[in-house]
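> Each protein sequence line maps, in turn, to chains A, B and C.
According to the working numbering, the first sequence holds residues 1 to 275 in order.
According to the working numbering, the second sequence holds residues 276 to 540 in order.
According to the working numbering, the third sequence holds residues 541 to 824 in order.
Hints in this document: simulated from the structure, not taken from any laboratory.
Be aware that a few hints might be false.
Cut-off 27 Å, straight-line C-alpha distance, at most; resulting in silico cross-link-like pairs (DSSO-like, lysine-lysine) [claimed, not checked]: (1) A:140 - B:294; (2) B:454 - C:690; (3) C:549 - B:454; (4) C:549 - C:615; (5) C:822 - B:454; (6) B:339 - A:141; (7) B:294 - B:339.
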Amino acid sequence: MAFISVKDVVIEFIKYDESGHPASSKKALDGVSLDIEKGSFTAIVGMNGSGKSTLAKCLNGLLLPKEGSVSVDGMDTKDDEHIWHIRSRVGMVFQNPDNQIVSSIVEDDVAFGPENLGIEPAEIRRRVDDALKKVGMYEKKDKGAHMLSGGQKQRIAIAGAVAMRPECIVFDEPTAMLDPAGREKVMEIIEELNADGITCILITHFMDEAAEADRIIVLKKGKIAADAAPDELFSDPALIEELGLDLPPAIQLRDKLGLDKSVNNIDAIADAIRQ
Amino acid sequence: MIRDITLGQYYPGNSVVHKLDARTKIIATFLYIVELFIVNNFRGFLIAGIFLFLVIGLSRVPVKFIFRGLTAVFLIIAFTFLINLFMVDGRILWQWKFLSISYEGLNRAFFMAVRLVLLIIGSSLMTLTTKPIELTDGLEKLLKPLSKIGVPSHEIALMMTIALRFIPTLMEETDKIIKAQQARGADFESGNILRRAKALIPILIPLFISSFRIAQDLALAMEARCYHGGSGRTRMNEIKFHRGDAIAAVLMVASLAVIIASRYI
Amino acid sequence: MTIDVKDLKYIYSSDMPGATTALDGVSFSVDGPCIIGIIGHTGSGKSTLLQHLNGLIKPTSGDIYIDGECITNGKKNLVDIRRNIGLVFQYPEYQLFEETVEKDVSFGPRNIGVEETETEDRVRRAIELVGLDYEDIREKSPFELSGGMKRRVAIAGVIAMEPKILMLDEPTAGLDPAAHRDILAMIKRMQKEMNMILFFVSHNMADVSDLSDRVIVMNEGKIAMDGTPTEVFSEREKLLGMGLSLPPAGRMGYELSERVDSFNSEALTIDDLADDIRKYTKRA
Chain A
1 MAFISVKDVV IEFIKYDESG HPASSKKALD GVSLDIEKGS FTAIVGMNGS GKSTLAKCLN
61 GLLLPKEGSV SVDGMDTKDD EHIWHIRSRV GMVFQNPDNQ IVSSIVEDDV AFGPENLGIE
121 PAEIRRRVDD ALKKVGMYEK KDKGAHMLSG GQKQRIAIAG AVAMRPECIV FDEPTAMLDP
181 AGREKVMEII EELNADGITC ILITHFMDEA AEADRIIVLK KGKIAADAAP DELFSDPALI
241 EELGLDLPPA IQLRDKLGLD KSVNNIDAIA DAIRQ
Chain B
276 MIRDITLGQY YPGNSVVHKL DARTKIIATF LYIVELFIVN NFRGFLIAGI FLFLVIGLSR
336 VPVKFIFRGL TAVFLIIAFT FLINLFMVDG RILWQWKFLS ISYEGLNRAF FMAVRLVLLI
396 IGSSLMTLTT KPIELTDGLE KLLKPLSKIG VPSHEIALMM TIALRFIPTL MEETDKIIKA
456 QQARGADFES GNILRRAKAL IPILIPLFIS SFRIAQDLAL AMEARCYHGG SGRTRMNEIK
516 FHRGDAIAAV LMVASLAVII ASRYI
Chain C
541 MTIDVKDLKY IYSSDMPGAT TALDGVSFSV DGPCIIGIIG HTGSGKSTLL QHLNGLIKPT
601 SGDIYIDGEC ITNGKKNLVD IRRNIGLVFQ YPEYQLFEET VEKDVSFGPR NIGVEETETE
661 DRVRRAIELV GLDYEDIREK SPFELSGGMK RRVAIAGVIA MEPKILMLDE PTAGLDPAAH
721 RDILAMIKRM QKEMNMILFF VSHNMADVSD LSDRVIVMNE GKIAMDGTPT EVFSEREKLL
781 GMGLSLPPAG RMGYELSERV DSFNSEALTI DDLADDIRKY TKRA
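Excised from the complex, chain A in its bound form:
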């Protein structure tokens, strides 16, 4: 069975007028179904307002579907009994590095999750140290969070999720507010975590980041518009255009040169030129 299973999920946001009556409603997710396998790396892309973040928040029960269901390792997110267990297995990293750090001091913030899980102090210390080493921020463990750069703060946020020892981490546009150096480092960490066996789900606007995943899911107006391996998805420029997305540069070059669809990176292009 799939690790996370999303079935026919509908999420509706209702706006109320001044007297408290429902004025308008918008389906942020409209019948979304998908399975996420253990150890996989999935990218979710789509325009602003397509429902990406809403979907992310369903995966660990931050939002509960009005219709349909989400289950994590067989546990339904609607089941109050399992909700904390689900959240400890599906960690989450958000877009704004500033707004997700709870404590002023780096290591205290990383400890926040494990502390909530009621873990032994010595074990928390071990997990915090491990997590900080994993993201390369162990030397800064005593530092004040507000003295760090955006990229460093985001690494602390990742460490905070890693310290809970989750099986899956959902990254909700983790690089949107970072500079190129910070972006690159965060992507490196995500790939390493995935190599360690952590299931990664990455929401992003950057197609070069999405191209690193095994699978890309495109959302459009709350529905799944495409669900394919990167190579397969990028072989259809008309669809990419229609979905309001970009092609990664190497794919753009390939198409300009009229090369075969199997050519999907710079090495393959180099090979093609040499022939």
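Please arrange chains B and C on chain A, whose structure you already have, making use of the hints.
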């Protein structure tokens, strides 16, 4: 610059003062403030000052760093000094039109200024040597007995943690908004009080919206990290009383005795 | 319009032991309308430089002349400076505050003393220039718009002041690919129609090479490079050393030259790179 404010900021270290239990430091600071109000002559302040500087020495926090915190509240100290200087009647030392300085006023002004300086240094020493999380943990434990009568000790402590954490963030945000509105020609410095109050709207509304956004983001992030109130929560660094705390307690009682004695010498 | 920046220096909290030099002897001139891209890693002094040009920060030393007139000696009224020089901050949508789009956009022009009827015209022009429908949007609350639209309204708020010099700090940060493309097209259109000097700070090298007539590279508070996109991006090693990168086409051109014998390309766009590759394969 925002970073210059030391009040409420932690100075990382490993000294005996840093290692004391946060509860000890909270009680000690409270006692110290009480002592400053018991003191009735400069000799008492001299003793309190020597005691304070011994502790600063033990804490290994650079004196320069501690005094930087004073510059932030310099205006308050200056105001206290001037009010006392001119308002207290007595033997006149100097007079010009309606302004006069008396011997008693001068005495009182210095007395109050010294008290304020010692008070601020003393309490910032606590925040400089105690991690915010320990401070709030300590407060939570101290308030724990009160939770039986309905005081939400855990929630108060968490609120303090978050407030301390977001002071720099919100100050930066304010600075950014002010500059952005200035770039749109906003003028905060001229006009009467009414006009100036009105000129604050373009700052306050974006700031409110930002604060709500931050609060919303933070609440989600905390829930995602399994926060569900104080029950069942453990701590990475459990605060515990050590031998140092016993010594500190004895020293505090001794200093209290000396200070009380200083009233009568 | 001309800009002359002479030996600009700025030191943060200069009276404190932890003083940091944010700008260290920055000099450059601009003569006439053009688009200038400013690049540099976080903390290199880009934003500090823009804030100086707008009079938000006073330099520790050095001067800035606009059309030969010094704006840094304290004699010139700050509102007069901002009448000619507009600055759009990063994530400008966070500074919106009025009930309607129209009121928000008119905040700037009103502050600098533009007359009521003229303000109305300017607001209409500005909203149309950022690519929004004036009649459709004027009465709407800015808080109900999508992210990309909010950002355009915020930019319109500065455009309505009709500056002759406009500075944009990371105008495309955090937008989705479609909104990103729209903002780039808007920048091009605006600069042409208003015939102004336009600075924009960006981390996106493709945008910089695509839009700019001139690129200024900041590093540790100094101008490290200053030239056309082709000149600047031909110095790959130097840029990498400063934690910067090439536009994707430049990067791919370099990677191909390493993998394919005697292939060479200085192309900055994917179209040009494809042309170079075609020429190469024809020769071979």
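> A separate judgement is required for each hint: does it hold in the structure or not?
Now for the hints, and whether the structure bears them out:
The hinted pair formed by residue 140 of chain A and residue 294 of chain B meets the criterion: a straight-line CA distance of about 20 Å does not exceed 27 Å. This hinted pair checks out: residue 454 of chain B and residue 690 of chain C have alpha carbons roughly 19 Å apart, not beyond 27 Å. Among the hinted pairs, residue 549 of chain C with residue 454 of chain B is consistent with the structure: their alpha-carbon atoms are about 20 Å apart, no more than 27 Å. About 19 Å separates the Cα atoms of residue 549 of chain C and residue 615 of chain C, which keeps this hinted pair within 27 Å; it holds.
Only pairs whose Cα atoms come within 27 Å are accepted, and residue 822 of chain C paired with residue 454 of chain B is rejected, the gap being roughly 56 Å. Restraint check: the Cα-Cα separation between residue 339 of chain B and residue 141 of chain A comes to about 24 Å, which is no more than 27 Å; the hinted pair holds. Simply put, residue 294 of chain B and residue 339 of chain B have alpha-carbon atoms about 22 Å apart, close enough for the 27 Å limit, and the pair holds.
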